[in-house]
Amino acid sequence: MLKKVPQPGRHRQVNKYTHLGVYGLAVWEQSYLLIQKARGPYVGKWDLPG
Numbered sequence: 001m002l003k004k005v006p007q008p009g010r011h012r013q014v015n016k017y018t019h020l021g022v023y024g025l026a027v028w029e030q031s032y033l034l035i036q037k038a039r040g041p042y043v044g045k046w047d048l049p050g
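Counted from 1, the sequence shown has number 28 at position 28 by UniProt numbering; the numbering is strictly sequential.
Source of the hints: derived by calculation from the structure; they are not laboratory data. Positions of the beta carbon are idealized from the N, C-alpha and C atoms, including for glycine. One or more hints might be untrue.
[Claimed, not checked] FRET-style restraints, in silico, Cβ to Cβ:
#, residue 1, residue 2, range
1, T18, Y42, 18 to 24 Å
2, G40, K16, 16 to 22 Å
3, V43, H19, 15 to 21 Å
4, K16, Q36, 25 to 31 Å
5, Y17, Y42, 14 to 20 Å
6, G44, K16, 27 to 33 Å
7, W46, K16, 28 to 34 Å
8, G44, Y23, 14 to 20 Å
Working from the sequences, and respecting the hints, build out all of it.
Structure below.
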């Protein structure tokens, strides 16, 4: 989602991005499904799928 936000005292607008996400927790026989991040600032960290 992209929203144009006016800057006070300026004649131009700055584009701001909003990111929406959904997470899911999968449990099977007392085990949890996790993913390991491969990109971005959290490379190698574990997270919920989504």
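Right, here's what the structure says about each hint:
1. Restraint check, T18 to Y42: a C-beta distance of roughly 19 Å satisfies the suggested window 18 to 24 Å.
2. Against the hinted window of 16 to 22 Å, the Cβ-Cβ separation of G40 and K16 comes to about 19 Å, which satisfies the hint.
3. One distance hint, 15 to 21 Å for the beta-carbon pair V43 and H19, holds here, with the actual separation near 18 Å.
4. With their beta carbons about 30 Å apart, K16 and Q36 fall inside the hinted range of 25 to 31 Å.
5. One distance hint, 14 to 20 Å for the beta-carbon pair Y17 and Y42, holds here, with the actual separation near 18 Å.
6. Hint check: G44 to K16, Cβ distance near 29 Å, so the stated range 27 to 33 Å holds.
7. Look at W46 against K16: about 29 Å separates their beta carbons, and that is inside 28 to 34 Å.
8. Between G44 and Y23 the Cβ separation comes to about 19 Å, which falls inside the hinted range of 14 to 20 Å.
Every hint from the earlier list agrees with this structure, and none is contradicted.
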